[in-house]
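Build out the structure end to end from the sequences listed, making use of the hints.
Protein chains: 6
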Amino acid sequence: MRIVVTNCNTTRAMTEEIVRGARDAASPGTTVTGLTPAWGPESAEGWLDSYLSAAAVLDGLRTYEEPYDAVVMAGFGEHGREGARELLDVPVVDITEAAAHLACLLGRRYGVVTTLDRARGQIEDSLHAAGIAQHCAAVVGTGLGVLELGDEERTTRAFLAAAERARDAGAEVLVLGCAGMTGLQRAVGEKLGMPVVDGVAAAVRLAESLVGLGLTTSRVGGYAKPLPKARTWGTGPGGPPPSE
Amino acid sequence: MRIVVTNCNTTRAMTEEIVRGARDAASPGTTVTGLTPAWGPESAEGWLDSYLSAAAVLDGLRTYEEPYDAVVMAGFGEHGREGARELLDVPVVDITEAAAHLACLLGRRYGVVTTLDRARGQIEDSLHAAGIAQHCAAVVGTGLGVLELGDEERTTRAFLAAAERARDAGAEVLVLGCAGMTGLQRAVGEKLGMPVVDGVAAAVRLAESLVGLGLTTSRVGGYAKPLPKARTWGTGPGGPPPSE
Amino acid sequence: MRIVVTNCNTTRAMTEEIVRGARDAASPGTTVTGLTPAWGPESAEGWLDSYLSAAAVLDGLRTYEEPYDAVVMAGFGEHGREGARELLDVPVVDITEAAAHLACLLGRRYGVVTTLDRARGQIEDSLHAAGIAQHCAAVVGTGLGVLELGDEERTTRAFLAAAERARDAGAEVLVLGCAGMTGLQRAVGEKLGMPVVDGVAAAVRLAESLVGLGLTTSRVGGYAKPLPKARTWGTGPGGPPPSE
Amino acid sequence: MRIVVTNCNTTRAMTEEIVRGARDAASPGTTVTGLTPAWGPESAEGWLDSYLSAAAVLDGLRTYEEPYDAVVMAGFGEHGREGARELLDVPVVDITEAAAHLACLLGRRYGVVTTLDRARGQIEDSLHAAGIAQHCAAVVGTGLGVLELGDEERTTRAFLAAAERARDAGAEVLVLGCAGMTGLQRAVGEKLGMPVVDGVAAAVRLAESLVGLGLTTSRVGGYAKPLPKARTWGTGPGGPPPSE
Amino acid sequence: MRIVVTNCNTTRAMTEEIVRGARDAASPGTTVTGLTPAWGPESAEGWLDSYLSAAAVLDGLRTYEEPYDAVVMAGFGEHGREGARELLDVPVVDITEAAAHLACLLGRRYGVVTTLDRARGQIEDSLHAAGIAQHCAAVVGTGLGVLELGDEERTTRAFLAAAERARDAGAEVLVLGCAGMTGLQRAVGEKLGMPVVDGVAAAVRLAESLVGLGLTTSRVGGYAKPLPKARTWGTGPGGPPPSE
Amino acid sequence: MRIVVTNCNTTRAMTEEIVRGARDAASPGTTVTGLTPAWGPESAEGWLDSYLSAAAVLDGLRTYEEPYDAVVMAGFGEHGREGARELLDVPVVDITEAAAHLACLLGRRYGVVTTLDRARGQIEDSLHAAGIAQHCAAVVGTGLGVLELGDEERTTRAFLAAAERARDAGAEVLVLGCAGMTGLQRAVGEKLGMPVVDGVAAAVRLAESLVGLGLTTSRVGGYAKPLPKARTWGTGPGGPPPSE
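Protein chains in written order, with this note's numbering: chain Y, 1 to 244; chain R, 245 to 488; chain X, 489 to 732; chain L, 733 to 976; chain H, 977 to 1220; chain V, 1221 to 1464.
Wrong hints could be hidden among the right ones.
Example chain R residues on the side facing chain X (calculated, C-beta under 7 Å, incomplete) [as the list claims (entries may be wrong)]: (1) A282; (2) G365; (3) R430.
DSS-like cross-link-like pairs, simulated, lysine-lysine; straight-line CA separation at most 30 Å [what the hints assert, rightly or not]: (4) Y/K225 x R/K435; (5) R/K469 x Y/K191; (6) V/K1445 x H/K1201; (7) X/K679 x L/K957; (8) V/K1445 x H/K1167; (9) X/K713 x L/K923.
FYI, nobody ran anything at the bench for these hints, they're computed from the structure.
For every residue, glycine included, the Cβ atom is placed at its ideal position computed from N, Cα and C.
Pasting the structure below:
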């Protein structure tokens, strides 16, 4: 089985890290390929970045030519998921929803620990749109930016402090709220005495499950195939300004 | 990986059918064992049956002595799930929630097609308690009892009629609302042009995913281990009546 | 009018205490009989106990042979209510819902003070399933187990501390969240300056009201009579293990 | 026990009918007195009438001088309930909420059959504000005005037609959605094969229950006593116009 | 364009202040007239006052004889809005909903800072009935009564303290929760670094918008015209008592 | 006051039509300029188009150099709104939310009549994210594509048929669910006897209101300014493919 994992930003080092996390989680026989969008933000932190990222990732997917069986979208709380479902004939699983789906199987309430507080709104909306927000007790920020997660000690410390707040709010299970945190679940899970779900790992397993069961996106209603029409995907540097 | 699948009723033929469905869905390397409760109802249809079934299934699990890695509870809409989570140190996945989790990845709204109309309330409550009810567009009965599902042609016909009502209510994905329907997804999916999710298959894959990722039930809060205390599990035939 | 009050556990002393509370609350002309299940947990604390209790209480009710006009189910947050409604032709009132119904008439928001924190999830689900959760501001644990409530001074102290937290969360009325607290409302109500509703008392009065008005459970839809079928109620000590 | 039942309009014949219904429902030892507001609308049908009625009924209560133990407010869906709770030291039960509370004990979903369609919004809001709307499946109008209910045959026919629609929407129990329908439950309940709850009867029993248990409105938070201040209650005919 | 702004109480000085706020907010070409009810409470603080106020304001509107294009109802959280919509052929905007509508355009969550804590319930219900409660993060009291808001320094101090609590609860925008606070937005907005919405100003602009676009209240369904019937609006001093 | 109205697609004729609608609705003294994105879809119909459109519109806004006081985003149900709020220091109003806000002032429930059924999900999500979905009774498709709306007679006929369904679902007010329908409110409003709200007109008036009151987007929390970082906005034709 071949899974394409899309990074939501243009930072290749992060794609590599995500691919490592995805490969660690994959079943034997699954191959994982990363896709770094050719344009977009270097990290997605906020709504502007998220919408830019969504278009860039969709552009990457529509021009991707190798065969694959499923897509994992590795931007926590980022937009684009439903567009990929329309575009592709294979299952699409987003790490936000994936982590929440597995978390619901492990406790009555889950909490998300993410990067900056400004990401909270997007995550809440994404969980709601995916139909899995009901048991989310809290979305808590660590105060660290996406590209600041490299210092593992600091990240662990910030994660544990934020996890405490999520637990006080009723969380019995935690979710890593950024693709860049992948791998952290081992370091913090034991210290917290709680299950910690990594969205990348969860999405890989859910994608494998759908493919294994022969299931793919419904074409009835919301995710019908895109209509044929003229679409242009950015003007590139030096392109024309918008016209009034 | 060893998965125990619990039937919710005492009808062994149904356990065998469920085990067949589970084996069809399992990954290579997974072994599936069925567990038929030693007591309870011959089929679970309604609240009384469901509560009786829950205790019988939990009794079966607490006295089961072979080693295993996960439990799949194969009673659609039946009670007991949270009790098994308390009791066991391995992941527990119920087919009701499992089907709904996967369905949410395939369309914006899902519908459940079940046996008798009287089952609808339990299913709605079970989905709500699992935190996955938000995108359920409808729970529709076929009018067939659990032990009447054997006539495949009649069952298919009744399923398609009920599926139409679910679709009118907004469902883009369908869920088989009874463990005894396992296998039916192939017959009806193509006719409907919609994905059809079998809860037994879904639960097997989700259980594999949790085990594969090293995740198990949280002991923080709701699913703490049962306290040691005196418990008796039925009096058996000829036991004493309740005391006033 | 004859009301049967079912204890949810096998501890007869607790049945007696509950019956005392019920008799104190009953109108002139109402007789109250207690029913202790012949099997089950000695106290119900958690999901496993609750499902075991549900089956045992239903077994008690189905084999109970004296005539009566209504049933009060005295397990706060415990399962079984809907099964009893199916089984019996007389009104069934559960103390969880009963307390909440009356509390809603006395203030804009109510809070529940219960025994162990682990009971909170069941109580929340039970109130939701009964349709009366909307105005519940908080369910708060005292940290005392069901069989530790005998020391009235300690119980009062723990109750008052928990009540403070419920009030901070917006509760204007309190509910005693365990049948074993029956009678405590007098001790704590005055100290708190808030109405305190005992579920046992509330349920007795609601049962009387339904009987008095000639109302009983609807047979349309959810609570249709159980279908005739083979059911066994536990194997008793020495019974056969479940079959694989 | 002395219960005052307030009509929401100035039509004395309707007060008398409501009092008859209340007396039929009351326990032995309860006396029921009707209160017709000295001003207000001759029937309450819509928001304007409802707000006018609320002030008139509160004026009636604040100037009522006989002793009593509880108040039943007999305007289905009409305003004023929370004001009476602030004003009085005795329990206040409104027939809208009362019917819904009892209905929730009898089935999983209830429906309200009322007079004109325009009343639906108020009833929905009233049930929501009372915290008991969750299990309301539908509020359905009969098309008959409040003062047209006298023709029992026509009313019964219109009620049965509307009840059918409520049942199709999932109602398992019905509620009479107008104080002027009191008594109708006997005529229609049998025909429908469903329990039918009369709000006047329900409120009388709930008021008795609260009084019997020594419970009254909380003064913590929402229903604190009205502050002393200048208030004038209408100018009467010939009074001054409002000043710009 | 002519807008009538109704004060909810009989204190003319407050009407004048509200009119000043409304004029400050109005577009060029809009004239604002205040309407002080001829009866009612001198300030509206609680449910009793609110229902009394609603009837008095509606009485004022129905007897008001000058021509106008829209009504702004300037009682924050007070009743009557829907009655005015039935009564009048021009648009009616209430300051509670108006402030919330604009606040939703400025941030993801808003908070209301009001006078006494006892007002919170009414405000919550009013926002819910208006369909705009979803993004309300908190309603917080300052502890100051309506007629105590004159001391601007004290009011500012109390407002800032309450605003802090609303912000901790997630509010990104604040709403002045009393018509008597109009004008305060300038003093506190800058100190807080957050937008502060005055309901009077918001309602004036929304009323202008509706009139400008030729929109008025729907007569389909909920806000059909009041039916012709006998209505009396208070007995005035010395009027007859209610009849039993 | 200068308002920029952004079309969500690259079809200039549609921008012109929207600008016409906006100018018709604007107050004297307001100037309206249209902005057609330099790239994106020729019409936005579905999730893929919507995400592409969002990035293109944001690209247009960030490179737009003329001064202006507010932005109206004229894509009904399209993404991007929150990104524009982060990006800009002036108020941003989206036509989806704008129409719903005004509709809530005109009736108890509103319905949206849109183009293709596939747009329904996006509109529902957009209304929910804006906090104004509670009173939405239905979103109904006409079956016409965005670029098929030019035939006014056919569009009117299709609109009226869809409006009927919305009304049956409880709508008392209708919303034009596509910017390309602007102007249609006059043709259909009278025929329907219900208020019909055009989102373009509503958004222009709301934008004017915010500017007039000196209100703009909160920078606290969700809509903080975008962080400085590397962002690329499309590669243009002939740009590099995404890297694996």
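These are the hints, each one checked on the structure:
For R/A282, the interface hint holds, since its Cβ comes within 7 Å of a Cβ in chain X; the closest pair sits about 5 Å apart. Here the hint on R/G365 is kept, as its CB sits about 4 Å from the closest CB of chain X, short of 7 Å. Interface restraint check: R/R430 against chain X, minimum CB-CB distance 27 Å, threshold 7 Å, status violated. A C-alpha spacing of about 20 Å is found between Y/K225 and R/K435, which places the hinted pair at or below 30 Å, so the restraint holds.
The straight-line distance between the Cα atoms of R/K469 and Y/K191 is roughly 20 Å, inside the 30 Å bound, and the hint therefore holds. This hinted pair does not check out: V/K1445 and H/K1201 have alpha carbons roughly 48 Å apart, beyond 30 Å. Simply put, X/K679 and L/K957 have alpha-carbon atoms about 19 Å apart, close enough for the 30 Å limit, and the pair holds. Using a Cα cut-off of 30 Å, the hinted pair V/K1445 and H/K1167 holds, with the two alpha carbons roughly 19 Å apart.
Pair hint X/K713 plus L/K923 holds up; C-alpha atoms about 20 Å apart against a cutoff of 30 Å.
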